[in-house]
Structure formats: C-alpha cells, structure tokens
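Asker: Chain residues, written in single-letter form:
2 protein chains.
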Amino acid sequence: MQMLKNAAQEGMLGAVKQPAHQSVYEGLRDQILFGELAPGQPVTIQGLTQQLGAGMTPVREALRRLIANGALVMLGNRRVCVPVLTESCIKELDFMRKSLEPQLARWASTKMNPQHLMILGSHDDALNAAIAGGDIHNYLLENYQFHAALYTIADAPIVAATVDRLWLRFGPSLRVVCGRYGTMNLPDKHADLLRALADGNADAAERAIKEDIEQGMTQIRAALSDAQPHGRFD
Amino acid sequence: MQMLKNAAQEGMLGAVKQPAHQSVYEGLRDQILFGELAPGQPVTIQGLTQQLGAGMTPVREALRRLIANGALVMLGNRRVCVPVLTESCIKELDFMRKSLEPQLARWASTKMNPQHLMILGSHDDALNAAIAGGDIHNYLLENYQFHAALYTIADAPIVAATVDRLWLRFGPSLRVVCGRYGTMNLPDKHADLLRALADGNADAAERAIKEDIEQGMTQIRAALSDAQPHGRFD
DNA sequence: CACGCTCAAATTTGATCATATTCTGACGTT
DNA sequence: AACGTCAGAATATGATCAAATTTGAGCGTG
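Residue numbers (numbering that gives the first Met the number 0), protein chains in the order written: chain A, 0 to 233; chain B, 0 to 233.
Be careful, since some hints might not be right.
Result set (BS3-like, lysine-lysine): computed pairs, CA atoms no more than 25 Å apart in a straight line [what the hints assert, rightly or not]:
1. B:Lys209 <-> A:Lys90
2. B:Lys97 <-> A:Lys209
3. A:Lys97 <-> B:Lys16
4. A:Lys97 <-> B:Lys90
5. A:Lys97 <-> A:Lys209
6. A:Lys209 <-> A:Lys110
7. B:Lys97 <-> A:Lys110
8. B:Lys209 <-> A:Lys97
9. B:Lys110 <-> A:Lys209
10. A:Lys209 <-> B:Lys90
11. B:Lys188 <-> A:Lys90
12. A:Lys110 <-> B:Lys90
13. B:Lys110 <-> A:Lys97
14. B:Lys110 <-> A:Lys90
Quick caveat, the hints were computed from the structure, so don't treat them as lab data.
Given these sequences and hints, build the entire structure.
Answerer: This is the structure:
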C-alpha cells in the first residue's frame, strides 16, 4: 500500500513522481513553445511562485535552465523576459536548422521501423486535424512533437537537444505567425518526409526537411517583418 | 566613499559586482573547461558549498545551468557528475563542430579589423608559449580563448553560444589528451587561419578551421579509444 | 502658471541563507 | 537473501537582505 502513495500524491499527471523544479521547467517551457507567452513579455520570479503555487527555489532553478537554453533572456538589470526575434537572430536560426536538421532526418531514415512510422503518422494526422479545425495550440503542439519524435528516432541526443533549443527560440514567434494568418495557409512537407522515411530514402528525407524548414522560416520572417515595420524609429 | 564598498565587498576578483550564482557558474565552468574536473567525477552540492564558500541556492542554480549546457549530467537518481564521452558523442560533436564553426570563421573573416587580429594573435602567441613550456592549463585556456574570440568577432551570438556548449562537452577530454601525450605533438592550424583572416579570405579561413577541428577531434578520439579499450563490455 | 526635471522615499523584485522535509543508498539484522 | 532502519544528500520553504524601478514632492524654467 505504500507504493500507491506516489501515484496519487500531487498533481498526479500520470508521471510517477517529479521534482517541483522539473514540473515548473516543463510547464513554463510548454507555455513558451506553444504560445502562451508572447515575445517581450516580462517574467518575474515572484509572479511565477504565485501563479504556479511553487516555492522560490524550484522557480529559480527552472528559470536558470530556460535562460541557459535561450527560451528566456536576462536583461542587463536582472529582469527576465521572453526574447524578441530580430532579423539577425532569424538568420542564425535558419542557418543552424538547415545545418543540423537535415542530417538528423538522414540518420532517422536509416533507423526507421513500423513503430516509428506509426508514431510520426499519428502526429501528422493530429496536426492536419488541428489545421482543419483552426486549433492553433494543437497545431503548434503536434508540429513540434512530429519533429521532436523524428529527432528522437535519429538517436543523436546531443544534436537533438541543440535543435530543440532552437525551437525554444522561434516557438513564441510561430504563435505570432498563426495569430496573424490563422492555421490556413500552413503547408508542410511532412507527407513527402513520411514517404521518404518509409522508403528509407535519405536523400529524399533530407530534401523534404530542408523544404519544411525553408517554408517555416519564411513564414516567420514574413510575419515578423510585417509586425515590426517601424524598426528605424527605435 | 559609498561607491568604493562594492569593489572591496566580497571575493573582489576584479569584477565590479557579480551575483554569487554567476561566480559559481563561471568558476565551475572554467574548472570543467580547463581540466580541473575529470570525466566521470561526481559533483555534490554540499561539497561545492564548502569548497566555494557559497550558499546552497547559488550552487544549485549554477548546477542547473551547467547541466542544461551539457557540461554536467544528472544521473537517474539525483547525483550529478562530469560526463564521460562515448564514441557516439564524439561523432555528434564532430558533426556539429564541422557544421557550425566553419561558417563562424567565414563570417569573422568578413569583419576583421587590426584590433581583432591583434587579439587573436596574442592568444596564439600565449598558446604557443604554453605548448613550449608544457603548461597544460594555459594551453587549454588560450586555445579556448582563441576560438572564443574568433566566434565573438563573427557576431552571431546564438551560433557562438551553441558552439561554446560543445566545447563544454569535450573540454574535460582535451585534458585527458594532454595528460597522456603532454603538450608536444599538439599542432594547430591557427597560423593558417590568422593569415586567411588577415587577407579576408573566407574560403581559406573555412579550410583552416576545418583542419583544426579535424586534428582536435582526431586527437580526442585517439586518446579516448586508448583509455577505454574495453568499450564492448559496457 | 504650467510643464518638466531631479532626487529621494517607498515599493516591488531579485539574491541569499538557514532550516525543514523527502528521498536514496548502505548497512545490519533476521 | 530479503527486509527494515539509519545516515547522508538533495529538494523545497519562508524569512531576510540588497538592488532596482517607480512614485511623488520640490524646484527650476519657459
């Protein structure tokens, strides 16, 4: 009877038992990735302790991790906020994505099995359903999970973690894209990619990922240059 | 008289005033980068609070940052230690370095000025002096600072930060390389690189960096496969 | 007379610490 | 060999200290 206590103890979200700083990190991370927090929005420690009902130390540790991963930035004074992407940031992110993700797709294509294909397929189905339903949150979630699953399959944890950090940077801006244009006009190359992976065709998988990245970054660029037309007056 | 208090207040390491968690982070980071801590070595919170004379909270925050950056790993239980590089880790690091650092060198080559050249040159001089003197710590320090300075010149902070994290991963192993073979037989392509940068020759700079990375990673591979001949029994 | 500037008090927020609680691993007992 | 107990280490809390922003009163200027 002792062993049942863990499961029923706290939030009981299915996970066995998680330290508070981990829960705070993941919760805040998801808020950033999936657009609950807007670029430029300030984040305070004491605000989070109240909002999340957590203590001060776990919140601090989670913030340090988020800042180290680029999901948040520390201003010169010691305030913290969600970063705003500049054109040069986008240029860097674009370069890194195109340098790293195609190789992950290649590696994944050599390790495919039916189980993997099914997981990717279900994420893609959920993604398309979200697009059809105009559900921005689920679109962002499934789009991220599709790529995250692919990079897990590639079995290159360091590269995958690096790419994951890039997603933390442009996540908030993806939400801006959707907020402006809705979920329509959000084409992706996932179908091409799935075909290539099923065939074990590394070249085709690489090509599909490159095109997917190209599309995504172009959308972000368009949405942001549209949203900040007065940069010269700053 | 009030304004003098800051400088004389705490550790007074020359910096104006720094939060303790920042000092702890940088100190531990340098220990990892420059070989004070060996791969596999366990790191405890309470050990650090004593060793560094710091409180528990700053140490915890520094550890979270180091772990997020891959400089330390958290075992399944809540122990922390310096990671041991496996062959597949080296493969990933090799891939990422070759994907990212050449472009940084190219960007830097287009932004060179005499001031920058002087900084890089002085690091290279100090590096060569350290090699000649068999001073492993200074070799590692100046080698790192040479590359770090180059990547700062490239003016691509996100890419530079990403590469910096990679150095945190293989830093401890560089020390192993030196411990086995001394500072002799540590050739580098810095002279070629400096010439290329002085000429603004992006192609030559890229080539030099690629060769430098190739040499460095080959050395690491050799030292580690030498040190862990029983990998098939893991 | 009104507007804007400066400086200092007040408030908010971040940083640190001491302490209590929980968990892990090890040792000893049965 | 399996179980229970215990020491040590990590996690989490709230209080306290320090820094920064904001507020507002007083002063000078247009």
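Asker: Taking the hints in turn, state whether each one holds.
Answerer: Hint check results:
1. B:Lys209 <-> A:Lys90: holds, 22 Å
2. B:Lys97 <-> A:Lys209: OK: B:Lys97 and A:Lys209 at ~19 Å, within 25 Å.
3. A:Lys97 <-> B:Lys16: Roughly 40 Å separates the two Cα atoms, so the pair is violated.
4. A:Lys97 <-> B:Lys90: At roughly 19 Å apart (the allowed maximum being 25 Å), B:Lys90 and A:Lys97 satisfy the hint.
5. A:Lys97 <-> A:Lys209: holds, 6 Å
6. A:Lys209 <-> A:Lys110: Within the cut-off at roughly 19 Å; holds.
7. B:Lys97 <-> A:Lys110: Roughly 23 Å separates the two Cα atoms, so the pair holds.
8. B:Lys209 <-> A:Lys97: It holds: about 19 Å lies between the C-alpha atoms, which stays within 25 Å.
9. B:Lys110 <-> A:Lys209: With Cα atoms ~29 Å apart, B:Lys110 and A:Lys209 exceed 25 Å; violated.
10. A:Lys209 <-> B:Lys90: Holds. A:Lys209 to B:Lys90 sits at ~22 Å (cutoff 25 Å).
11. B:Lys188 <-> A:Lys90: violated, 28 Å
12. A:Lys110 <-> B:Lys90: holds, 17 Å
13. B:Lys110 <-> A:Lys97: holds, 23 Å
14. B:Lys110 <-> A:Lys90: holds, 17 Å
The structure fails hints 3, 9, 11 (numbered hints given earlier, in ascending order).
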